[in-house]
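Visitor: Sequence:
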Amino acid sequence: MIKRLLLLFIFGAWLSSTGCATLEEMTAEKPPAPPPPPELVYPFSDIPIPNGFERDHAKSFVYESGSGAVKVGRFFYSGWSQLNEVVSFYQNEMVNKGWSLVNSIKHETTILNYEKEGWLCALSIKSTLGKAYIEIQAGPK
Numbered sequence: 034m035i036k037r038l039l040l041l042f043i044f045g046a047w048l049s050s051t052g053c054a055t056l057e058e059m060t061a062e063k064p065p066a067p068p069p070p071p072e073l074v075y076p077f078s079d080i081p082i083p084n085g086f087e088r089d090h091a092k093s094f095v096y097e098s099g100s101g102a103v104k105v106g107r108f109f110y111s112g113w114s115q116l117n118e119v120v121s122f123y124q125n126e127m128v129n130k131g132w133s134l135v136n137s138i139k140h141e142t143t144i145l146n147y148e149k150e151g152w153l154c155a156l157s158i159k160s161t162l163g164k165a166y167i168e169i170q171a172g173p174k
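So the sequence shown is numbered by our numbering: it starts at 34 and just counts up by one.
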């Protein structure tokens, strides 16, 4: 009986000392995961939406021809963010998606107009009490 207990104790000590990870590996900090890529406005695969924004389906619409050659849409999104953050997001991400800024108007509402190879995209961004509202109009030139 004592032999069994001793054998069981030795086996348990051996098992715990040969665990899968060392203490250093268990306590080492892992780099943070990269942020998820921004969502896109369907069916426009090159118009991004900031993370955390939701589409207002009741106000939004899209028309697409059967062949997909003609697409026109008006989309409404809202989310908790500051106006400057959303404007900066679009100033960076639209260029990353190949759009060129045509002009911008900044007042209570910021309007950003972009163009790209036969397409136009107008963004209207406003903020009220910490919540940002985005209106996107996109279609052919």
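Derived by calculation from the structure, the hints in this document are not laboratory data.
Treat each hint with caution, since some may be false.
[Unchecked claim] Listed next, the in silico PhoX-like pairs over lysine-lysine satisfying Cα-Cα at most 20 angstroms (straight line): (1) Lys149 with Lys130; (2) Lys92 with Lys159; (3) Lys174 with Lys104; (4) Lys139 with Lys159; (5) Lys104 with Lys130; (6) Lys164 with Lys92; (7) Lys130 with Lys174; (8) Lys149 with Lys104; (9) Lys104 with Lys92; (10) Lys139 with Lys104; (11) Lys174 with Lys149.
Visitor: Take a quick look at whether Lys130 and Lys174 sit within 20 angstroms of each other, Cα to Cα.
Guide: Satisfied, since the Cα-Cα distance of roughly 18 angstroms is no more than 20 angstroms.
Visitor: Assess, step by step, whether the Cα of Lys92 is no farther than 20 angstroms from the Cα of Lys159, and give holds or violated.
Guide: Judged against 20 angstroms, a Cα distance of about 16 angstroms means the pair holds.
Visitor: Please work out if Lys139 and Lys159 have their alpha carbons no farther apart than 20 angstroms.
Guide: The given pair, whose Cα atoms are some 10 angstroms apart, holds under the 20 angstroms limit.
Visitor: Are the Cα positions of Lys104 and Lys130 separated by 20 angstroms at most?
Guide: Roughly 18 angstroms between the alpha carbons, so the hint for Lys104 and Lys130 holds.
Visitor: Check whether the Cα positions of Lys174 and Lys149 lie no farther apart than 20 angstroms.
Guide: 9 angstroms, holds
Visitor: If you draw a straight line from the CA of Lys149 to the CA of Lys130, is it 20 angstroms or shorter?
Guide: 9 angstroms, holds
Visitor: Compare the distance between the alpha carbons of Lys104 and Lys92 with 20 angstroms, and conclude whether the hinted pair is satisfied.
Guide: Holds: Lys104 and Lys92 sit about 17 angstroms apart, inside 20 angstroms.
Visitor: Starting from Lys139, check that the Cα of Lys104 is at most 20 angstroms away, please.
Guide: Roughly 28 angstroms separates the two Cα atoms, so the pair is violated.
Visitor: Keeping to a limit of 20 angstroms between CA atoms, is the pair of Lys149 and Lys104 held or broken?
Guide: 14 angstroms, holds
Visitor: Are the Cα atoms of Lys164 and Lys92 separated by 20 angstroms or less?
Guide: Holds. Lys164 to Lys92 sits at ~18 angstroms (cutoff 20 angstroms).
Visitor: Is the Cα-Cα distance between Lys174 and Lys104 20 angstroms or less?
Guide: 11 angstroms, holds
In terms of the numbered hints stated before, the structure departs from hint 10 and from no other.
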